[in-house]
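Now for the letters of each chain:
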Amino acid sequence: MILGLDVGGTQTDTVLIDGDRILKATKIPTGDNLLLTLRTALDGILSGVEPEQIERMAFSTTLATNAIVEDRLGRTGMIISAGPGIDPACFSVGPSFHVVEGCLDHQGFEAVPLDKSSVMEAAEKIQEEGINTIGVVGKFSVRNAAHELQISDWVKGLFSHVAMGHSVSGGLNFPRRIFTTYLNASLHELHTAFSGALTHILDEKNLHGPRYLLKPDGGTIDLMRSAGSPARTAQSGPAASVMGALALDGCRGATLVLDVGGTTTDMSVVLDGMPRLNPHGVKLGLYKTLIRSIITHSLGTGGDSVVQVKTNGKMTVGPLRKGPPVAFGGAVATPTDALVTLGLLALGNKVAAKAAMEELGSALGCNAEAAAERVLQQMAETIAQSARAFVYDINAQPVYTIHQVLNEEKIVPASVLIVGGPAPHIAPYVEKALGLPCRVPPHYDVANAVGAAVARVTAQVTLQADTERGTVIIPEAGEEHKTDRRFDMDQAIAMARKTLCRQAMTIGAEDNSLETVITEKQVFNMMRGYRTVGRNIRLKMSITPGLIPQWKRSL
Amino acid sequence: MISAPRKTGLVFFPAFDWAISPEHPEREERLLYTQDQVMEEGLLDIPGIVEYRVRPAAYEDIQRAHFCVPDEAAVTTKSHLISAGGCLVAADAVLKGEVESAFALVRPPGHHAMRVVHGNRGFCNINIEAVMIEYIRTHYGIRKVAIVDTDCHHGDGTQDIYWHDPNTLFISIHQDGRTLYPGSGFPNESGGPNAQGKTVNIPLPPQTGEKGFLYALDELVMPLLEEFGPEIVINSAGQDNHFNDPITNMNFSARGYAVLNKRLKPDIAVLEGGYAIENALPYVNVGIIMAMAGLDTSFVKEPNYEKDYRPQSRDVTLNIEQLVETLKDLFLWGGLKKKPYDEGQILERKRDIFYDTDGIQERQNEKIRCCSHCAGAFSISSTASTGQHIMGVHIPMEACPACRKTALNWFQTGRKGAFKHVYLQDRDRGVYDVV
Ligand SMILES: [Zn+2]
Ligand SMILES: [Zn+2]
Ligand SMILES: [Zn+2]
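Chains A and B are the protein sequences, given in the same order.
Numbers given in the working numbering equal positions in the first sequence, counted from 1, plus 2.
Numbers given in the working numbering equal positions in the second sequence, counted from 1, plus 8.
Bear in mind the hints are in silico, worked out from the structure with no lab data behind them.
One or more of the hints may lead you astray.
[As the list claims (entries may be wrong)] Calculated pairs, BS3-like style, for lysine-lysine (alpha carbon to alpha carbon, straight line, at most 27 angstroms):
1) Lys290/A with Lys219/B
2) Lys86/B with Lys412/A
3) Lys315/B with Lys118/A
4) Lys158/A with Lys127/A
5) Lys412/A with Lys104/B
[To be verified] Beyond 12 angstroms from chain A on every Cβ pair, some chain B residues (computed):
6) Val19
7) Tyr60
8) Tyr148
All figures in this text were calculated on a predicted structure; none of them were measured in a lab.
Just so you know, even glycine gets a beta-carbon here, dropped at the ideal spot from N, CA and C.
Isolated chain B, as found in the complex (with noise of 0.2 angstroms):
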């Protein structure tokens, strides 16, 4: 008889009570074959395989990560509640070490989603890795935290969210953003003033194959975690890589994704994209959980693999070991050269952001102080298409006092501003604030 022979949490919760609107790829239907697939596997009936089951998130949760506009009812349903939900309930699994590794099979996603929410961006309204992250953060005392995205698109929210903290290594790969949404993802993207280099974007060409991910992984992805040594590491598992899916142009298949699952090792994974519902999700995720719990994964494949995965061009190849190298001189190598900033500086940038699915349009300007005591405080200011005009004030975990000052003064001058709501979010002493 089977067994597990690592103890792993399943978090499955497909919402088949919930969709964007009826014919978007975000419905109903999306984890319905997935569902049938490891019903069918037995999966669950492996000792070693624990399924628990979803909880809602409160806003209190959400609070950590966001600055929801005007609030967190305004821009959540119960589905993304429970999505983020069913992240925590993973994290409790692994950290309360009732499972080695964990698996949120959860939906909707939420990598696309940013700090400011004004709305749905990418299927996303609630980073539910961030979320997640800033729950272990606060309850389980861990600081080092390293983020895998291997979903298609570029986590551009999760990237937004930790570009200026130096404790969370946010490593994405995904097809090059010249050619799929949200169009950013590029490798002189490296984080914030006070987080250089802990942003990493591995922008991978159309067409890419098993070989080009496994090899971006080991080359690049493993090197890197093992300099940055985290507490826990994160998989944000998209699944649109697949030469299945219908919205990108990736070439990966269900045994590469369990081959790179083994390899990686996450702490926990969380489901993110992946939209090629019938001949793509079902044996990925399969694949996923099997190799979570450290079961022989060579038996699954897609039925049509043998007729349609086409190994990786050679062209492809010899682009990505180039990528590879360059980012291997930026990142491992010293390669890039951290720009100097003096003690204390406030550096400003301006952003506009779009929110396609609701179709808003933002306009963020940031204030951070340089420092490096601590991840540094900063301020952003939003003026969004809906008429929302806000400020939110970030203070880091364990804040030094000058960065703490600054962050405060911030938010009394917002108070006193034009704006219609000023947040604070001090997660140092776990409040979050509205006026």
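Chain A on its own, in the form it takes in the complex (with noise of 0.2 angstroms):
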């Protein structure tokens, strides 16, 4: 059996499984403690079930997320070595940011050589002011890690722990290794105690097979090895969603997932089984990351959202959340009243929700029936309008090819799949608005927790073979050899899945889930003059987010 669980804002799933059966699922409130919300949702699912049963367990999480939004990061200093471009006190993050002299080029050739004695000053500063963490990052580091690693090797002894930016993506973007470098730095204590607290209680239910931790990405990690970058198990609730939703329901041709909550509804594109990637990272809080996600946008109008006439008789749906529905003792309507009024949810106080609709109602100049079916009609068009714009903004991402700009692959979603509590309810009026088929799979109230318990582990490696300079490089593995001119494509594919493949086993793949698919891969000749000087090969191969082989479901 396969236990997944999904913390999410107000509610926590957990959903148990045997093959393709979802044998139980519960649902509790999110509590203010992480862990004893935890404990709780186990103890419920776990109840008479033998704990030897569960072979392998997964969690969404929003420890990472609450910790960076609410602030609550480790106090973290940073030394940085840039180089000329933009003046990089304008990525001044945490209490305690250096620059200091050095500097590489885009090849990663020496520019300007590390200033040992103004690193030792930096680290020294950072220290007086009683941080303990840091976070080491250069400027085209991805290129060549020697002046990260000669930089942690000078000052590690003075610190507990040192984050280093070139393992954290192979991706090219200073700025972002610098703040994701920065929360997995400052995320490191906090994350080490959460993972500590929860082996402890699985141990302690007698819970051993494999545990995982959910990314952004839609893939898991396991738990023990995700301190050494906690930032990536941060923003996986709209993963899981999506994940759910391939795992209940396959999502084939294009398939627009919309999973409508209480306060937001997330929205996404699958193609063929496949939820698009953003290509440079997820915003997390304030900051813009490396880390890989799949592509999601959260529209502030759920099933709890304010509905408001506006005096020219126009319905807003959203984005604010003023406390529960009227129908359990709020004082807004909602969208969840309309439904309450119409019948379609036999839950809580239908004589207050039906009065909260009257009153809109006499706003518009119908009855309490006829306002509840025009807030489901606004709500639906709301989620349509942000869908579409949502879908525009995937299809207007630039591309640098002659051969993408003539066969644009442009996404126009088929057909639409939705999750989430009242999905059932909503869908006919989300149907007409978008004008596109909907389906909503079973156990659509627990998507998520279901797509936590199956997702496979996934990894990624960018390599950069410079053969000019003699070198290939794999940053996200700590790798650099030394090459020769004769290096090909073919020796850096065959590199490049061996990588993939150890460090997807060491975060926790198993050996019947290693799908490698190459993601981008370019080879250019490199020119002197009118001397060809060597080869630059560019490859990103990944193993793709993807369901679990025991998750057998005959779809």
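From these two lone chains plus the hints, build me the complex, please.
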């Protein structure tokens, strides 16, 4: 059996899966104490279950997300080497940010050597402030990690934890590398404590199978391995719902996935079972990062959003939420009250809900039922409008080759899959608003927990070979090898695949789910004057989000 | 956190799958390191810098600026259409008011492409600025345009296309034609009979440095722009004046380009040449994007700037001061004596044009109607070593009835002649006819 758990903003869902069957699903309110919530959820789902039967478990938590949003990050010093470009002070982050002398160019050649005395001076200042965690980041460190490694080597004795930029991602983006490294460093202590405590709870409950956390790219990572880059576990909720949609439906063709919740509607697109990934990285709180994620958009319209009628008769649904719906003791009309009024939801105080709809109706010149109908139409219309803009933006992303311009693969969703509590009730309205067939899968209300449960481990490597410099580097794996002029694409592919699989196994992948895909592949002849001096090979390979083979649901 | 004071559009199209030939300076690798630098700087994440996706230009867009022989398909590839299309995207972004200015960082370049196109000249097939300007005129009702070409090579293609147009001020700053391709661009090339003084060439001596470029800009270019009063300013932002450039002999720098851009404040900048792909372009382009966005560029420089940049010599400075003085006298203080022509007089000129890249020899015979009411109709008959023999007739925007009548007569006569093709480019009516 497989256990999946998703901690949401208001509810925590847990499921128990056996083969293709959801054996059990529970929902409890999310409390302020994350560990307590997890413990309570586990107690509930495990009653009457032999713990030995649980062969695997996965969690989508809000630990990192909340720490970032609520600014509960550990105090972290930063040592940066930059060189020419934007003033690095623009990216100052944390309480003690220092720029030291030293610079690499875009090829990874050293343009200005590191200045040890300025590095040590910075380190000592950080230490004097009582900070014992640091991040070390260099511009172009993914082309040559030598400066980061050197700084780290000089100062590691002074700190309990050093996070480095080059291992975060092979992607180029110095500011994002700074912010991602900062988050990894500043979440380290909190995350280590959390994973320790969770391990303890699971041990206590005799749950000894592999344990995973969900990442924003819809993949999982082994719980104990996640401490090296804790920022990678933030913002996993939207990914959980996409993976759930994939598990419960399959999402053939171009599918728009909507997760309608209490406060928001999250949207994403899945193309033939493959979620669209953000080419740059996810934004966590204020920080744009290099962490790969599924492209999702969160719209502030959900079942508990405030419904207002403007003086001009125009109705809005969201983006505010002011407490619970009227049917549950709240003060402001919401779509949930519309559902209760229409008898689509047999919960809460129907009389109160109807009164709220009547009040709306008086402003609109209709009765309560008609007003409720209008609310659901307007909610669906708001979602549809946002979804169209979302798809438009994905299709407007720049491309850099003639091939891509001429063979443009525009996403045109052919159908919509809706999950989340109000899914079956809102689906007919969304169908009309978008003019596309809408489906609601079974277990739509615990799709996130299912998604977490059956998502496989994902990983990515970026290989760059520069035969002029005589190096091949895979920053995510901390690999750098000498190479000769004959190094070619075939060798690059073989090397990347080997490293990728090893990386994936290290973070918990099972050897039966190592499907590798090349996501970017370029080779350039490097000329100086009229002479070929080398070859520049760029390769990205990944294990993309997908479902574990144990999930045998016949779709 | 950093954000851009001026909202700036960026159209980036490195054409990673196109080259003139594998070893040509205009090859796949050219903007690779620029892309690396732009990405690594995180420029596209800065609020206020907006990246746009390219789209290919249509043949119709090209027909406003060129006579392609025998047709567009024969002298362009997809890459040319996309490069020109990138400029159209930049123009739309600015003219729809989505951004204050935009930079089309595209390749292949275009400023050596003339009105008649038989093939590739100086790495260019299609004049991407001219295609863009005529698109702007057609779609946004703009007339007065200034082009400041800061590429190291004389923008002879752009000069040719706007030679007769009094509504276009074309200023080219370049390395002296006696020392560099294409060998033209001297002060006495100052525009056709209906557009005298609307072409201004500033041939700077080899080894001109930051000081010289900025001096010419402040003393000459800015006052000329002020006097002309354009509705829109285009910068043909070639980057081959750089001290690291392998095919030229100038002494400009990333910092210099950034300052130039900041002072010039073009509405739209378009990349032209620039072949120091590793140690100039990455820094120059970052500098230009940041300058357009109004960001502080004082940290932008080449890693070898301190080591290799030499300030301009005294000789060069004196030489430039003299040149600028002469040009000021001609173009700002009325020294250029406009030749009087009779209304309706037809002037002819014969020219030989060489297409270096494709090895084509062309002979042109051009007729222009002198006119004080409009830009004047003109016709070009052209014979090329490819065996082509064509005639192109151009009716300008807002043509006067007399010029229109003359042009239509030329066209009718041409149809009966021995030409393989006769083209009519009627800008006023938006018509392009081929017979
Ligand atoms: Zn020029
Ligand atoms: Zn040039
Ligand atoms: Zn006229």
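Evaluation of the provided hints:
Between the alpha carbons of Lys290/A and Lys219/B the distance comes to roughly 39 angstroms, so the proposed pair goes past 27 angstroms and is violated. Only pairs whose Cα atoms come within 27 angstroms are accepted, and Lys86/B paired with Lys412/A is accepted, the gap being roughly 19 angstroms. A hinted pair counts as satisfied when its Cα atoms are at most 27 angstroms apart, and Lys315/B with Lys118/A qualifies at roughly 22 angstroms. For the hint linking Lys158/A to Lys127/A, the alpha-carbon distance of about 14 angstroms falls within 27 angstroms, and the restraint holds.
Taking the CA atoms of Lys412/A and Lys104/B, the gap is near 24 angstroms; set against the 27 angstroms cutoff, the hint holds. For Val19/B, the shortest C-beta to C-beta distance to chain A comes to about 8 angstroms, within the 12 angstroms cut-off, and the non-interface label is violated. Not every beta carbon of chain A lies more than 12 angstroms from that of Tyr60/B, the smallest distance being close to 7 angstroms; the non-interface claim is violated. Every beta carbon of chain A lies more than 12 angstroms from that of Tyr148/B, the smallest distance being close to 22 angstroms; the non-interface claim holds.
Hint check: violations occur at hints 1, 6 and 7; the rest are consistent with the structure.
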